[in-house]
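Peer 1: Start from the sequences, fold in the hints, and give me the full structure.
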Amino acid sequence: MSKKNNKDTSTRRDFLTTVTATVGVVGVGAGVLPIISQMNPDSSVKALASIEVDISNIQEGKEITVLWRGKPVFIKRRTKEEIQKAEQTNMKDLMDPQEDKDRVKKSEWLVVVGVCTHLGCVPIGGKGEYNGWFCPCHGSHYDTSGRIRKGPAPTNLEVPKYEFVSNNKIKIG
Amino acid sequence: MSSEKPNQQYEPVHTNKVGGSPFTGVTGWIDNRLPIIRMFKHEYLDFQVPKSLSYFWSFGGILTICLILLIVTGLSLGMHYKPDAKYAFDSVEKIMRDVNFGWLIRYAHMNLASFFFIAVYLHIFRGLYYGSYKEPRQLMWLIGIVIFFLMMATAFLGYTLPWGQMSYWGATVITNLFSAIPLVGESVVTWLWGDYSVGDAALNRFYVLHWLIAFLIVGVVAFHVIALHIVGSNNPSGIEPKDTRDTVSFSPFTTSKDLVGMLVFLLIFVAVMMYAPNYLGHPDNYIPANPLVTPAHIVPEWYFLPFYAILRSIPDKLMGVIAMVSSIAILGLLPWLDFSKVRSSVFRPIWKQCVFLFVLDFFVLMYIGGAPAEGIYLVIGRIGTAFWFAFFLILAPLVSLIEKPLPMPDSIHEFEEWKKQGKIKTIKLFNR
Ligand code: HEM
Ligand code: FES
Numbered sequence: 001m002s003k004k005n006n007k008d009t010s011t012r013r014d015f016l017t018t019v020t021a022t023v024g025v026v027g028v029g030a031g032v033l034p035i036i037s038q039m040n041p042d043s044s045v046k047a048l049a050s051i052e053v054d055i056s057n058i059q060e061g062k063e064i065t066v067l068w069r070g071k072p073v074f075i076k077r078r079t080k081e082e083i084q085k086a087e088q089t090n091m092k093d094l095m096d097p098q099e100d101k102d103r104v105k106k107s108e109w110l111v112v113v114g115v116c117t118h119l120g121c122v123p124i125g126g127k128g129e130y131n132g133w134f135c136p137c138h139g140s141h142y143d144t145s146g147r148i149r150k151g152p153a154p155t156n157l158e159v160p161k162y163e164f165v166s167n168n169k170i171k172i173g
Numbered sequence: 174m175s176s177e178k179p180n181q182q183y184e185p186v187h188t189n190k191v192g193g194s195p196f197t198g199v200t201g202w203i204d205n206r207l208p209i210i211r212m213f214k215h216e217y218l219d220f221q222v223p224k225s226l227s228y229f230w231s232f233g234g235i236l237t238i239c240l241i242l243l244i245v246t247g248l249s250l251g252m253h254y255k256p257d258a259k260y261a262f263d264s265v266e267k268i269m270r271d272v273n274f275g276w277l278i279r280y281a282h283m284n285l286a287s288f289f290f291i292a293v294y295l296h297i298f299r300g301l302y303y304g305s306y307k308e309p310r311q312l313m314w315l316i317g318i319v320i321f322f323l324m325m326a327t328a329f330l331g332y333t334l335p336w337g338q339m340s341y342w343g344a345t346v347i348t349n350l351f352s353a354i355p356l357v358g359e360s361v362v363t364w365l366w367g368d369y370s371v372g373d374a375a376l377n378r379f380y381v382l383h384w385l386i387a388f389l390i391v392g393v394v395a396f397h398v399i400a401l402h403i404v405g406s407n408n409p410s411g412i413e414p415k416d417t418r419d420t421v422s423f424s425p426f427t428t429s430k431d432l433v434g435m436l437v438f439l440l441i442f443v444a445v446m447m448y449a450p451n452y453l454g455h456p457d458n459y460i461p462a463n464p465l466v467t468p469a470h471i472v473p474e475w476y477f478l479p480f481y482a483i484l485r486s487i488p489d490k491l492m493g494v495i496a497m498v499s500s501i502a503i504l505g506l507l508p509w510l511d512f513s514k515v516r517s518s519v520f521r522p523i524w525k526q527c528v529f530l531f532v533l534d535f536f537v538l539m540y541i542g543g544a545p546a547e548g549i550y551l552v553i554g555r556i557g558t559a560f561w562f563a564f565f566l567i568l569a570p571l572v573s574l575i576e577k578p579l580p581m582p583d584s585i586h587e588f589e590e591w592k593k594q595g596k597i598k599t600i601k602l603f604n605r
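Protein chains in written order, with the numbering used here: chain W, 1 to 173; chain G, 174 to 605.
In short, the hints are calculated from the structure, not lab data. Keep in mind that the hints are not guaranteed to be accurate.
[To be verified] Estimated spans, in silico, between C-beta atoms of each pair: (1) G:M252 <-> W:A47: 26 to 36 Å; (2) W:K46 <-> G:I209: 46 to 56 Å; (3) W:E81 <-> G:L530: 43 to 53 Å; (4) W:T11 <-> G:D257: 27 to 37 Å; (5) G:G193 <-> W:V25: 40 to 50 Å; (6) G:D257 <-> W:V25: 31 to 41 Å.
Don't be surprised by glycine CBs; every beta carbon is placed ideally from N, CA and C.
Peer 2: Now the structure itself:
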């Protein structure tokens, strides 16, 4: 074999290797994507994204729990004292500072996802040191605005997207 | 094409050639072509092991038996179980009531999972106490930790399958650990669930993964055993065998001893399975999953409790998760954190006490993991967590530095003589 010949074949091989590797990487990528993506929520799950709830029967100081996207949502009709306590909280006392007025549409009604922001348990209403909710799993205390006050949970109970369809009805999602 | 001289004569390059079997006849014919029979003879009949092995060395075999039985009972359960949020709970009840011997198979599977962990904890203790993680067995130790992680994963996934309250809320809490990952946490959790909460989609994939990981364990165990047959067994003296006075052949000596160990272990297992099948479980798991109500006391299975206690003793979500994962992963650093040249705690007076304290800490954390996360329990949990990490990060290197090992025999057969003369104290229960 001559030197020139040898060099020729090796560049040709290099070229083929590069092309094959590139196509290979793209191909594997294109193959892996659907495999990863199939695990995300499917269309039927996404389609169930909103519900309407009749709230006319809820008495002052009571709460109901409804299931939305497989998660509990608390709808609480707060008493005057509860509203007052929530509104007058000093922002410095909060772990995740947020004004009560930014968490409600009408101050009488508090709507929050009933999932502890720590590891997902359902907190119990009317319990805990701040008389809002208490999570039994690892001891997180929430206040009457659903804000985290004490315990391992990092953030306030989430306020879902919702709107008042009428005075007696809200649409969640 | 080149015009130069052709290459030399072509020679086939095979690493192995047909033949070489010590067997004749059909056995030899097969073995000449597929050398597994001679491999088996070499690794299990003629294989030499230290003659000082105690019953602590039976747990490897016991673990293998547990794994096989878990797979056999698991396959049987799989023929009746339905991984659907609507039917899962009922299908398990049907297994318990209607399927022929279904109660037995399910109780066996459930309790085997627990006994699998009992055996693995004793197996790990053996490694800690006798320094089996040291040169040249570091990789075995690391593979072992991988197996332990996989065991925890598959046991967790299996526990979600009956779709009771504990299944559901255990699944919720554990999958939510991933939400602690900064930035992408929430998306990762949604991806794991295939939904916005734990539900049917999650149950279905947990079932698939429960199977998959069980079989992955078989594969990794194979690596563990292959590595063992390269580096050889450690032994209570921690001294490497030097000549045939120090060893016995695997069969019949180790095999018969292991059989006794397995039998005793399985007897205890059968007794628990028959007389207290639900003792190690939680009654709330006989209540169907309810996504609206969390049980007042959610606790994981007993074998997760120490790590659960570590998770809860850190008041920050992300740090709690990191602490829990690293409390196990840190075992992998031990071969490098403990650099004492002496393996066995028999000759390490200070390290021996540290290992016993570590075991005590394990049980304290186990107790704390099952207690409510408040008041004094929280304080004890924090001390226990601190000690857990201090054991590895401070005690291991420190003791390696300051400890003066006891006088040691030169060989395993001398070790055996010292034992007879009462010059050495060993753990009595397993010391035969
Ligand atoms: C590494 C070995 C394994 C471990 C540690 C393990 C652990 C568990 C656990 C803790 C449960 C829940 C028991 C209960 O409370 O009902 C379970 C259930 C189940 N496992 Fe496994 N398992 C293993 C291997 C397998 C294999 C190999 C299969 C199938 C081939 C299997 C199939 C099942 C099925 C169908 C259930 C649901 C029925 C039930 O809950 O009793 N498992 N497993
Ligand atoms: S899940 Fe609520 S405190 Fe942990």
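Peer 1: Could you work out which of the previously given hints the structure breaks and list their numbers from low to high?
Peer 2: 4
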